[in-house]
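> Each chain is listed here by its residues.
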Amino acid sequence: DAGITQSPRHKVTETGTPVTLRCHQTENHRYMYWYRQDPGHGLRLIHYSYGVKDTDKGEVSDGYSVSRSKTEDFLLTLESATSSQTSVYFCAISGIQGRETQYFGPGTRLLVL
Amino acid sequence: DAKTTQPPSMDCAEGRAANLPCNHSTISGNEYVYWYRQIHSQGPQYIIHGLKNNETNEMASLIITEDRKSSTLILPHATLRDTAVYYCIDTADNYGQNFVFGPGTRLSVLP
Chain R
9 DAGITQSPRH KVTETGTPVT LRCHQTENHR YMYWYRQDPG HGLRLIHYSY GVKDTDKGEV
69 SDGYSVSRSK TEDFLLTLES ATSSQTSVYF CAISGIQGRE TQYFGPGTRL LVL
Chain D
551 DAKTTQPPSM DCAEGRAANL PCNHSTISGN EYVYWYRQIH SQGPQYIIHG LKNNETNEMA
611 SLIITEDRKS STLILPHATL RDTAVYYCID TADNYGQNFV FGPGTRLSVL P
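Keeping their order, the protein sequence lines are chains R and D. The letter at position 52 of the first sequence is residue 60 when you use our numbering, and the numbering goes up by one with no holes. The letter at position 27 of the second sequence is residue 577 when you use our numbering, and the numbering goes up by one with no holes.
Keep in mind the hints are simulated off the structure, nothing from the lab. Be aware that a few hints might be false.
[To be verified] Below, a list of computed lysine to any residue pairs in the SDA-like style, where the Cα atoms sit at most 25 Å apart: (1) Lys19(R) / Ser591(D); (2) Lys619(D) / Gly652(D); (3) Lys553(D) / Asp64(R); (4) Lys619(D) / His49(R).
[Stated by the list, open to error] A few chain D residues that face chain R, going by a derived Cβ cut-off under 7 Å, partial list only: (5) Cys562; (6) Tyr596; (7) Gly600; (8) Phe649; (9) Gly652.
No residue lacks a Cβ here, since even glycine has one placed at the ideal position from N, Cα and C.
I would like the entire structure built from these sequences, with the hints used as guidance.
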């Protein structure tokens, strides 16, 4: 399995509080991604990064921000959590040997009350 | 929205081959076909991918039709641990390409 960890794995928070999720990789891959998965919607891309300090928006970026200060870490921040952001969040990486296969982390379950 | 279409569910007897179809009606010449699976609530797991030719690895075989409008993932000897949701995706070979996951096919391997 690709060396990807996500923290925390589970979190319960209240509406209006800030939340930061961390994705850490040990593969030195250039690209990192944040997805959310909800029933009936499959996985949807939130943001992605194509290098340190280089990020771009995905399909459902409203309400989320990201940062990447080191190759190995990609942070997803919910500035003011809402109940609609209750979801399972997956991080992915790609960039092995010039191919774009994405490898996914174990996920973070977030419940916003 | 997903660019591929798959049956919502399939059953397969343990030990038999599981053949999962996918339609890629809008696939273009430089787009690859990828297959992933998701077991319960784990992260999606990469299975196999291809462009034009059939491919095989330790997990599965991928058959792509000559017109590339459909593909079939074959699990040659399905086990109970292969019960999962299987996703097919077509995507261009450029970094940062959004992998659009549709609802997939829920495969149930029955004892």
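> Give a verdict on every hint.
Tested hints:
1. Of the supplied pair hints, the one linking Lys19(R) and Ser591(D) holds, its CA atoms being roughly 16 Å apart against a limit of 25 Å.
2. With a C-alpha separation of about 17 Å, the suggested pair Lys619(D) and Gly652(D) falls inside the 25 Å cut-off, and the hint holds.
3. At most 25 Å may separate the alpha-carbon atoms for a hinted pair to count; Lys553(D) and Asp64(R) meet this at roughly 22 Å.
4. A distance of roughly 24 Å separates the Cα atoms of Lys619(D) and His49(R); the hinted pair therefore holds under the 25 Å criterion.
5. Hint status for Cys562(D): violated, given a least beta-carbon distance of 22 Å to chain R, over 7 Å.
6. Using the Cβ-Cβ criterion of 7 Å, the hint placing Tyr596(D) at the interface with chain R is satisfied: the shortest such distance is roughly 6 Å.
7. Annotation: interface hint on Gly600(D) violated; nearest CB of chain R at approximately 12 Å, more than 7 Å.
8. Given the 7 Å rule on beta carbons, the hint for Phe649(D) holds: about 6 Å separates it from the nearest Cβ of chain R.
9. Because the beta carbon of Gly652(D) sits about 6 Å from the nearest beta carbon in chain R, less than 7 Å, this interface hint is met.
Comparing the model with each numbered hint stated earlier shows that hints 5 and 7 do not hold.
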